[in-house]
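S.K.: Here's the letter readout for the chains.
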Amino acid sequence: MNQVQTEVRTNKLDDYAGLLGGAEIAELRALASRLGERTVQMVNSTSVGGGVAEMLNRIVPLMQELDLVVRWDLITGGDDFFAITKAFHNALHGGRYDLPDEGFQTFLAYTEQNRTRLQFDSNFVVIHDPQPAALIESRDNLGAHWIWRCHIDLSQPDPKVWEFLAPFIHRYDAAIFSSPSFARRLSIPQYLFYPSIDPLSDKNRELEPNAIAEVLERFHIDARRPILTQISRFDRLKDPIGVVRAYQIVKRYFDCQLVLAGGGAADDPEGEAVLAEVREAAGKDADIHILDLPPWSAVEINALQRASTIIIQKSLREGFGLTVTEGLWKKKPVVAAAVGGIPTQVIHKHTGLLAHSIEGTAYQIRFLLSNPRIAQRLGEQGHEHVREHFLITSNVRRYLTLFLHFQKHD
Amino acid sequence: MKASTPFQFVTASYLVRIGNQESTSLLGLQHDIENCSDASIFYHTFQSLGRHHFLTEGFSNDFAEWVFSACNRPALAEQLASLDIRDYVSLADLRGDLRRIVGDYCQASPRESQQSAFESFYFCETVEEEVPLGFEAWTLQEFRDGLNKLGHASLQFHFITSRLRLRLRSNDFSQWLAKELGLKDLGRQVDQIDVYTNTLDSVRARMLELIEKEPLQ
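Sequences listed follow chains A and B, in order.
Quick note, in the numbering used here, the first sequence goes up one by one and the last residue is 410.
Quick note, in the numbering used here, the second sequence goes up one by one and the last residue is 217.
Please keep in mind that the hints were generated in silico from the structure rather than gathered at the bench.
Any given hint could be a false lead.
[As the list claims (entries may be wrong)] Some chain A residues judged to face chain B by a derived CB distance under 10 Å, without partners named:
1) GLY36
2) ARG38
3) ARG185
4) LEU404
[As the list claims (entries may be wrong)] List time: in silico SDA-like cross-link candidates among lysine to any residue, alpha-carbon distance up to 20 Å:
5) LYS184/B with THR5/B
6) LYS331/A with ARG51/B
7) LYS349/A with GLU119/B
8) LYS349/A with ASN198/B
9) LYS251/A with HIS220/A
10) LYS349/A with ALA81/B
11) LYS149/B with ARG366/A
12) LYS349/A with PRO215/B
13) LYS408/A with GLU130/B
14) LYS184/B with LEU210/B
15) LYS349/A with GLN189/B
16) LYS86/A with THR106/A
17) LYS349/A with ALA137/B
18) LYS149/B with GLY18/A
19) LYS349/A with ALA75/B
20) LYS149/B with LYS349/A
21) LYS408/A with ALA117/B
22) LYS408/A with ALA12/B
23) LYS408/A with THR56/B
24) LYS349/A with ASN72/B
25) LYS331/A with ARG373/A
26) LYS349/A with ALA39/B
27) LYS149/B with ARG205/A
28) LYS331/A with GLN376/A
29) LYS149/B with ILE25/A
30) LYS331/A with GLY134/B
31) LYS331/A with ARG224/A
32) LYS149/B with ALA17/A
33) LYS149/B with ALA109/A
34) LYS349/A with GLU57/B
35) LYS251/A with THR76/A
36) LYS331/A with ASP201/B
37) LYS408/A with ALA39/B
38) LYS160/A with GLN105/A
39) LYS184/B with PRO215/B
40) LYS349/A with SER48/B
Every residue, glycine too, gets a C-beta built ideally from N, C-alpha and C.
Model the full structure from these sequences, guided by the hints.
M.R.: Shown next as structure tokens:
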């Protein structure tokens, strides 16, 4: 099957009005009404798993509710194709490309198959990420606008892979990046679209206090004492050991607990090793809760974030850092590393606190535990920051504006 | 009283275009302020205020924020933050003052001005699309009702960025109230609302309070 039917959604646009105000939704409708019968085609490589699929599963129905005719197509390929695109992905992220040169030919052969199979007859064609990037070959110059949405950090790509992909990218009408620091110098216009969260999803919706209490009880976490939480995969780049060290400094001054919750250990040998290292660093401290959660733990993560006194994200490298967005949305004070997209979200001393070391992280946590009113103000301002910029509705608005911009110049 | 020309409520939607300029030091910033587009000056000053309207203390514009947080130069940051966009009806004038302040600092502190910032300043630009909201006001009551239906982007468009469009030290609301309804005092009071210490919602609330004080027309 090529065309994706989005997951059954119960949330309608008007459901967001309670969080955003009716005026914001009315403005979305006003913008969409100017696009008339224009058609949109989203293309990516998977309908389940991963942030892009999750985002499209929510954006496509919202656009359809705004009366746009939106289609979501998937490219297909064998294991060899996806091994190559995985290698591309890592190489574009700054790793080394070490597959043989035939990989490029295999990539183009599968692109040809997908070009034969897919139809490109929409007014706006949005191609997500590098896997389908060469589909631009199907552009027939009959007035459709082709847009490349790059969800990854392209600032330091492997030159060989970038030299292969760049000629395709330069043929698009525009590219979209998640941060100015992720972009490259291109001959085409580049736009900034932040990643976003859905405030009505299981991971972010309001929870009843007893639902939060039940999760704490299940994991033996004491609701009466401060809870410091980092939600992330057990990955060295998330520096979980650094978080344990920061907690150990804070623990000298405050009777607090640490929650390190995430997944990735079950199906990733490195994740398993990192988990073991974290357990060793934690020693016998019963106030450190290390939770290796399965992928279907959205409500548990939501409850842990909502129960937390402070959210930590002490990454050494980061993409945009949507766990930070989630924490801010829940009005939690955040202490985070100034890497990747985090400084865009955590404006130091306005929407959270940035730190650059284990000691700095510990100091900022101690400062917030000593100053709960400041912590509360940072949390509230962080919530407003997310409401303005990092919700799924803002993302829909950006797409509508981009389409209007193109339409104006047709 | 009924206006001869109605107030047309509009929303503006903004795209952010990523530029190719990236400053890594104060000297670089001086050069890039000189050479960036007007749309970029607009994005990092007028737009920045609108984007961060919910911060009512200590945030002024992107340049000041970067100089403070990435260059650790609080005195220069204060000078940049002290620029009040309400004083400007032309981006050329605003650019001139930004350039002068950063230039004076670089001249006085050549060593500091060459030091690498903790993170780069990426120049972006605003692309604005205006869309009428489909309702208008002929009277003060209709104006009040319309005001209640506006989102943040509309408030920003009519109250903050209108100064550049009008090329006046005023805003769409004040202009219409004074010109069409003869409510010059109300227009003046609306224009005096401080966008630096109010959120867009509290700007609206303050306007509604002022309107409520007007005698019924």
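S.K.: Now, for every hint given, state plainly whether the structure supports it.
M.R.: These are the hints, each one checked on the structure:
1. GLY36: This interface hint is violated because 13 Å lies over the 10 Å limit.
2. ARG38: With a closest approach of 14 Å, the ARG38/A hint is violated.
3. ARG185: Holds. Min distance 5 Å.
4. LEU404: Hint holds; LEU404/A Cβ to chain B Cβ min 5 Å, cut 10 Å.
5. LYS184/B with THR5/B: Given that 20 Å is the threshold and the Cα spacing comes to 16 Å, the pair holds.
6. LYS331/A with ARG51/B: Between LYS331/A and ARG51/B the Cα gap is close to 19 Å, so the pair holds against 20 Å.
7. LYS349/A with GLU119/B: Status holds; Cα separation ~17 Å.
8. LYS349/A with ASN198/B: holds, 18 Å
9. LYS251/A with HIS220/A: holds, 19 Å
10. LYS349/A with ALA81/B: Roughly 16 Å separates the two Cα atoms, so the pair holds.
11. LYS149/B with ARG366/A: The hint is violated at about 43 Å.
12. LYS349/A with PRO215/B: Given pair LYS349/A, PRO215/B is violated - Cα atoms ~44 Å apart, limit 20 Å.
13. LYS408/A with GLU130/B: holds, 11 Å
14. LYS184/B with LEU210/B: holds, 12 Å
15. LYS349/A with GLN189/B: violated, 32 Å
16. LYS86/A with THR106/A: holds, 13 Å
17. LYS349/A with ALA137/B: violated, 41 Å
18. LYS149/B with GLY18/A: Measuring from Cα to Cα gives roughly 14 Å; hence the hint holds.
19. LYS349/A with ALA75/B: holds, 17 Å
20. LYS149/B with LYS349/A: With Cα atoms ~32 Å apart, LYS149/B and LYS349/A exceed 20 Å; violated.
21. LYS408/A with ALA117/B: At roughly 39 Å apart (the allowed maximum being 20 Å), ALA117/B and LYS408/A break the hint.
22. LYS408/A with ALA12/B: This hinted pair holds, its Cα atoms lying about 14 Å apart.
23. LYS408/A with THR56/B: With a Cα-Cα distance of about 36 Å, the restraint between LYS408/A and THR56/B is violated, given a limit of 20 Å.
24. LYS349/A with ASN72/B: Holds: LYS349/A and ASN72/B sit about 14 Å apart, inside 20 Å.
25. LYS331/A with ARG373/A: holds, 13 Å
26. LYS349/A with ALA39/B: Roughly 28 Å separates the two Cα atoms, so the pair is violated.
27. LYS149/B with ARG205/A: violated, 26 Å
28. LYS331/A with GLN376/A: holds, 8 Å
29. LYS149/B with ILE25/A: With Cα atoms ~11 Å apart, LYS149/B and ILE25/A stay inside 20 Å; holds.
30. LYS331/A with GLY134/B: violated, 35 Å
31. LYS331/A with ARG224/A: Roughly 19 Å separates the two Cα atoms, so the pair holds.
32. LYS149/B with ALA17/A: Answer holds: LYS149/B to ALA17/A is near 12 Å, not above 20 Å.
33. LYS149/B with ALA109/A: violated, 53 Å
34. LYS349/A with GLU57/B: holds, 11 Å
35. LYS251/A with THR76/A: violated, 51 Å
36. LYS331/A with ASP201/B: Roughly 19 Å between the alpha carbons, so the hint for LYS331/A and ASP201/B holds.
37. LYS408/A with ALA39/B: holds, 18 Å
38. LYS160/A with GLN105/A: holds, 14 Å
39. LYS184/B with PRO215/B: holds, 14 Å
40. LYS349/A with SER48/B: The hint holds at about 17 Å.
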